[in-house]
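Please dock the two separately framed chains into a single complex, following the hints provided.
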Amino acid sequence: MINRNKLFSLGITAAAISLTLIGCKPKGLESVTTSGAAEKVYVAPGKHDEFYNFVSGGFNGQVSVYGIPSGRLLRIIPVFSVFPESGYGYSEQSKAMLNTSHGFVPWDDQHHIALSVTNGEHDGRWVFGNANNTPRLARIDLKTFRTTEIIELPNSAGNHSSPFITENSEYVVAGTRFSVPIGDNRDVPISSYKKNFKGTVSFVSVEPTSGKMKIAFQIETPGVNFDLARAGKGPSHGWFFFSCYNTEQAYTLLEVNASQRDKDFIMAVNWKKAEEYVKAGKGKKVKNVKYAHNFIDEKTDAATSEILNEVLMLDPTELKDMVYFIPCPKSPHGCDTDPSGEYIVGSGKLAALIPVFSFTKIQNAIANKEFEGDFGGIPVIKYESALYGEVKKPGLGPLHTEFDANGNAYTSFFVSSEVVKWNVKSLQVLDRVPTYYSVGHLSVPGGPTKKPHGKYLIAYNKITKDRYLPTGPELAQSAQLYDISGDKMQLLLDFPTVGEPHYAEAIPATLVEPNSTKFYKLEENKSPFVSLGEGKTKVERKGNRVDVYMTAIRSHLTPDNIEGVRLGDDVYFHITNLEQDWDIPHGFAVKGAANAELLIMPGETQTLYWKPTEVGIYPFYCTDFCSALHQEMQGYIRISPAGSNLPLTFSTGKIVEEKESGK
Amino acid sequence: MAVLICALSLLTAYFVPLWQILMWAPQYPEGLAMKIWINDLSGDVKIISALNHYIGMRAIDTSMFPEFKYLIYLVAIIIGVGVLAFLINRRWSLLAFLAILVMAGFGALLDFYLWGYDYGHNLNPEAPIRVPGMSYQPPLLGSKQLLNFLAFSGPDIGGWIFIIASWIIFFVAVFEIFFKKKLV
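Protein chains in written order, with numbering that gives the first Met the number 0: chain Y, 0 to 662; chain C, 0 to 183.
Bound-form chain C, shown alone (with noise of 0.2 Å):
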């Protein structure tokens, strides 16, 4: 059973924000903000891309993510094969589905880790701010300061859902693997 919620509470996945990034500088006390959806970008995109044009970076645009274009139909897999795993009802059937959702999460980190590289590295050389040696990589996770602002990454409510559903998941794989064994 727990199973079956764990996976249709992924498709909160289509409705809230799943990741996000917070930055503040002496003159944004009030901090901004960008919300990452599963197919959009929300909050202060203007604003920032506004500011990164200073030192070369790009407009952040839903252009830019190509992955927009296919995450929906991911995490709809990704809900099936839970479902699936739950009709299935085997202890196989649970493990794929924890191998999956494993490899989601962390493919989903590299995803976003190639893109802030990129991102942070591929300045406009004719940008009117040029520090040398300096690039401007988003962090993966957690907080970095870049020049003037400090910039935080982290899961958003979307995000966190899946983190949890995912550690539920191991839980059940846990309990089943070690625990239910001996009463069979």
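Pulled out of the complex, with its shape left as it was, chain Y reads as follows (with noise of 0.2 Å):
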């Protein structure tokens, strides 16, 4: 029996046991910023940011652009993906930017930024940007912060790995995830894969003044996915390193079949070799490609597009001593070389430890031919002959590594969610700090240069959760500001991003800022479609197409009164904005129009197509908000029956007197 004092105690102890085990609960997560960490992202009113953050945008296929430190989202630059709000990919000006073999591609999904260098440091002239689902480069102009050219790659399948881009703005790169069968037979069974399924890397040169791409030549490779890469500086100039996964060259449930060897590749690149290769003309000319280059035409002001059909094709199976595999473990995602250009950092996706290699080792290995064998034809140099060491135990599921101006190294790990700093040569983890949640990429200023220029570190993440405001099932992606300019990662701050942030480039304001176009020169605008003042203005009929050429200035359209335009006509309105003031663009808008709005900037003209669908009168009006007299800017289009002999009458300010006129 027992008695009720021993049933007391009983309680008493069972209580006590679950408040231990209640003690004992793991400490909330909750994030911790150090003092001060308010004052170092507060920039106040009217004061400019100290660098520009170009972020790519992910599914949503832009490039935005925030302000470091503060976060601040300054603009989102319309590359691969149609933007009503500004008529990109419907005015008739910028409708070619987006064309591709497969015409007319609204949509894309954009990776990995690249900014231009020169000498291994920014030089604050371009942004590069790829386009992972129909293969593209894009080029985008920090005079004016627009896409001025995108270029197709044939022979590619998914353009992850790209644009990462060499010392002097040389080449920049495009690597596809998808390997396909290239050539003349594309209908083959998914299942030969091993026997016809091909990857290729791309080198688009950069031509130095204009910055126009080209597809220099491209390398067949052995069919694997292609992931991300990095060029070599300073002593590895001349190299480039892709890292690669799915050597086991499955087809079907990658995730299982593509994750069964223990070490993938890293594929050196000697692309010097390659240039010799192709001057002696041992380059074979591909014909039976098809792919899209489109770039603004500086006369016109307006995007063009041309189909191209041949690419130059090197065969590293044939022309020796060009491409290199390095052993990687286990599905490497990052691959990315150090300031000094010495070390090249391959970061397995699954692995526990994150593998340096050293440039004079494998050098030296290629050299002393210290190879384990080969893959698709292609030396695999030993593992141990070009490791300069391991970093033990640094987390789960290493993605990807910048670097700062001082030896250091941060990596981020995605399983873990957290950023670790570690030393280059000693290999040694220095400090470690959460993110929130699942880290993808980072971004050191200049990270990815000879020359980092550090201060702060940026962690772009995949999950949000509870970070926010909750918006429902979807949510905006997180970012992390860090301060890394002690020997502790302190972080300072979470803002919230556009689209689905992956890599991003981080340059100082002042490499940018002095250049920024304010507006554009009326005397310098050569459209075909310009009207160089109101007196200039007019509307004219050719079968069924009506050009209305019309001039827009604070605070009125001209011509705004528009007769005898009939159903059935195209119409194509030709705005001018004659403005010659800083941030005054005007905007259009046509009631019924099926495609988007325009938005003029200064001294620019834009076209925008028009369909009418019914008989009446029709407004259209400014739709950005220009000046106080802003809601006067309107005016009407009357739409007559077709077959109505109503003649062609435009003009601003007159007023005649109520009467039927044109019956």
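Honestly, I wouldn't trust all of these hints.
Claimed, not checked - Distance windows between CB atoms, simulated:
(1) Y:K610 / C:H120: 47 to 55 Å
(2) Y:N308 / C:W23: 57 to 65 Å
(3) C:W23 / Y:L429: 49 to 57 Å
These aren't lab readings, by the way, just hints derived from the structure by calculation.
By construction, the Cβ of each residue, glycine as well, lies at the ideal position given by its N, Cα and C atoms.
In structure tokens:
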């Protein structure tokens, strides 16, 4: 029998144990920001940020621009997706920018950024971006923050390993994520992957003054998945390193089937050697390709598109000493070269260590033929022969590495949601901080260059969860800003981003800000559709095509009364913004337009196509609040029935006494 | 000698702006500037005109200033008189030069005032913004609040050279009259 006392003490004990258990529950994972964090990110009203941060937009297909350290979104630059708010992809001038060999493609998946460099340092001229889905490369001009060129990549499927850049912007690369059959016979069984599927990496040359892109050559490789890449620099300038996975050559359930081998590869390409082969005429001209090259024509300020049908292919199984494989543990993702150019950091996304390769050792291994065999006819260097050392137990799932100017590396860990700081030479882990949550890419200002600016690190996360006020099932992606100027990384700020950022680069504002265009000069406007002054406006009919040459200036459109247009006509509104002052854009919209609006910068001409669908009077107006009389900036166009013989008339400010005109 | 230097310093009037009008508004923190040269205008003239049209002010254009046609000759004459005064090297010639300088200075101010009055009062009756009783004459000298704009008017480099030259001539004249007399 158990008496009451015993029962009582048992109860007390049980309660005590449960309390202890509760006490044992791990402490909350609440983030801790150190004091002074607010001051470090506070950019007072009217003051400018220290850095521009060019952030890939992922599935929104655009590039967004943030100020650092404030984390303020400054702009979204339309690149691979249509952008109705500015008319990008809708205006007659911009449509051709999204032309591809598959026709007009209105969307893409924009993953990585490469800022132009000279001598391995940022020069603030261009931003390059990749399109993952329909393989393309884009160039954005940093004077105007506009996409000025897009080139499609043939023999590629999924341009993920792109747009990384060489030390003097000689080449921007594009490695295909998906290997696919290339050449004449592409209708093959999927199961014939090993035999028929090929990978390619493209070297796209960048003309030094204009920036114009051209596919200089492609290198054909065995079928694998290319993931990321980095150019060598300093001593390793002339080489390029591409991470690749699925060396199992799986074509189904890659989750399992591409994770079987203990090591995949980093592919080292001697592109100086490739250039020699090209010069010696060793490249094979491949003709059965079709790819679009779109660029802004400087004369008309409009995009033109050309379809090209030839590319130069190099075969590394025949052209020796150009391509080597280096074993790298567990499906490498990031592949980053340090500022000195000597160390190459591979990040096996399923690995529990980080291998660091030595460029000097790679060169020695090649010279001494320290190969363990070949893969698809390409020599594989022995892992130990290329390895400088391994960072032991850094965390789980390393993805990407950025560098500071003091010999330290910062690696993101997706699985363990943290950033780990380690020393490149000693391979010792120095510090670790949590991210919120599941970090992907990192960005240190100047991190991929020879001279990192350091100071901050930005982590771009894949999972946001509870970081901000909930907005239903769909949430903004989160980014975290850390101060890396001291020994310990300090979390300063958490800010939401648009799209789904992958890689990003940050550059000191002083390299970009002074060159920013304020407006386009009217006298330099050579558009065939320009109206240089209200006196030059007109409406012209050629068959069913009606061209309206219109001007916009505060606060009226000229002409603002148009009659004599008929149902069935194709109407083109060519609007010239006559303003010559900073930040006075005008917008243009017409009722029932099936495309978008126009946003016309001062001094610029843009064209909107419109097909009226019913007889009646249609208003059009300025959509950008330009002035105190913006709401007065409007007009009417009269649509008469097909076959009406009402003459074409147009005017502004002309007042006619009320009468049934034109009956 | 000072007289010759002063006279020749007026040659700079052909190469630098003489007068400036500066304007600031909340949305123009960087300011707008109109520079008046001997025969031209420069600066943000188009932007100022675009803004002024709301209140019915005319677009500013060089054709509004007939002065531009004869100012180059007028300044040449003044310089000539100065050089002449130096060559004659008499007290009366010095005083004559001073008188011409002072007259030219006040004449220019009067002319500028008259233009400003006309420009600020002679408004388009159909202007979108009409503030009863409000006129927009720019300040003659100094600053003045005109609706959302703070306007400033004052000499530019050429104007300052003219003013300094006039003062030097004035002091030379004073010196000649009150001090040299006793020495003679």
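Q. Range hint 57 to 65 Å: satisfied by the CB atoms of N308 (chain Y) and W23 (chain C)?
A. holds, 59 Å
Q) Honestly, do W23 (chain C) and L429 (chain Y) meet the 49 to 57 Å range at C-beta? A) Check passed, 52 Å falls within 49 to 57 Å.
Q: Evaluate the given range 47 to 55 Å for the C-beta pair formed by K610 (chain Y) and H120 (chain C).
A: With a Cβ separation near 51 Å, K610 (chain Y) and H120 (chain C) satisfy 47 to 55 Å, so the hint holds.
In summary, this structure violates none of the numbered hints.
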